[in-house]
Amino acid sequence: DTEVTQTPKHLVMGMTNKKSLKCEQHMGHRAMYWYKQKAKKPPELMFVYSYEKLSINESVPSRFSPECPNSSLLNLHLHALQPEDSALYLCASSRGGLAELGNEQFFGPGTRLTVL
Amino acid sequence: KQEVTQIPAALSVPEGENLVLNCSFTDSAIYNLQWFRQDPGKGLTSLLLIQSSQREQTSGRLNASLDKSSGRSTLYIAASQPGDSATYLCAVSDTGRRALTFGSGTRLQVQP
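Chains as they are written, first to last, in the numbering used here: chain A, 15 to 130; chain D, 120 to 231.
Bound conformation, chain A alone:
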């Protein structure tokens, strides 16, 4: 299995809702990433988990809360989002931890989030 899966594919939520995005990989990768991509812009790194520990937080607002319950699963919990948070949210994984060699990143198809 060489893919990263993300659910849901599309999500529409109001500013008072609480929702979660899910990412899963079964490649034995130990680093997992969340990126945010606005239309016609490159992906921007949000969070990195290495061996299930949060290694990088790119000063993301607290209304985004990541969670890594195990080495295969990565969640992004959303609460009280703003319309400007509407974007494509991409998950990625790479072999080994953050400091190890050969960290080619593999991306999931993304979740298209719309905040009303």
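For the record, the hints were derived by calculation from the structure and aren't laboratory data.
Careful: at least some of the hints might be erroneous.
As the list claims (entries may be wrong) - Covered stretches of chain D (chain A as the covering partner; in silico rule of three or more C-beta atoms under 8 Å from a C-beta of chain A): (1) 154-162; (2) 221-229.
To be verified - With a cut-off of at most 20 Å between alpha-carbon atoms, the simulated SDA-like pairs for lysine to any residue come out as follows: (3) D/Lys-161 with A/Thr-128; (4) A/Lys-55 with D/Ala-128; (5) A/Lys-54 with D/Ser-171; (6) A/Lys-52 with D/Arg-226; (7) D/Lys-161 with A/Leu-102; (8) A/Lys-55 with D/Ala-198; (9) D/Lys-161 with A/Ala-53; (10) A/Lys-54 with D/Glu-122; (11) A/Lys-50 with A/Leu-87; (12) A/Lys-50 with D/Arg-156.
By construction, the Cβ of each residue, glycine as well, lies at the ideal position given by its N, Cα and C atoms.
Given the structure of chain A, go ahead and fit chain D onto it with the hints provided.
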């Protein structure tokens, strides 16, 4: 702070042409460089990964080169096809942080 630039921003070519996409980065202390393809509204597909010690990598009709000292990489696509139409993104991983910094991409359109 690492900055990655891709030129051109958009490119339209007739089918069958060979083409070169350019990527430059400001900090040469990179760990690796990765080229991705992204179709509209979709995720990223990894095309080629070049480690900092390598000069080039090849996969089928794609060839990527790396000149770390001058902060440049090129992606060469041979005999382009309409199915190659997509946005091509270059990303570098720094020696320290190891997280990817992306360029803004080149939108490629191959006309049949």
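Okay, the hints, checked on the actual structure:
1. With 4 residues carrying a beta carbon less than 8 Å from a beta carbon of chain A, the stretch 154-162 of chain D meets the three-residue requirement, and the given coverage holds.
2. Three residues within the 8 Å Cβ limit are the bar, and the stretch 221-229 of chain D against chain A gives 4, so the coverage statement holds.
3. With a C-alpha separation of about 15 Å, the suggested pair D/Lys-161 and A/Thr-128 falls inside the 20 Å cut-off, and the hint holds.
4. With a CA separation close to 11 Å, the supplied pair A/Lys-55 and D/Ala-128 stays within the 20 Å bound.
5. Taking the CA atoms of A/Lys-54 and D/Ser-171, the gap is about 28 Å. The hint is violated against a cut of 20 Å.
6. Simply put, A/Lys-52 and D/Arg-226 have alpha-carbon atoms about 16 Å apart, close enough for the 20 Å limit, and the pair holds.
7. Only pairs whose Cα atoms come within 20 Å are accepted, and D/Lys-161 paired with A/Leu-102 is accepted, the gap being roughly 9 Å.
8. For a cut-off of 20 Å, the pair hint linking A/Lys-55 to D/Ala-198 is broken: about 28 Å separates their Cα positions.
9. Proximity of D/Lys-161 to A/Ala-53 is assessed by CA-CA distance (about 11 Å); at most 20 Å being required, the pair is judged to hold.
10. The straight-line distance between the Cα atoms of A/Lys-54 and D/Glu-122 is roughly 18 Å, inside the 20 Å bound, and the hint therefore holds.
11. Between A/Lys-50 and A/Leu-87 the CA atoms are separated by roughly 18 Å; this keeps the pair inside 20 Å, and the hint holds.
12. Under the criterion of a C-alpha separation no larger than 20 Å, the hint pairing A/Lys-50 with D/Arg-156 is consistent with the structure, at around 17 Å.
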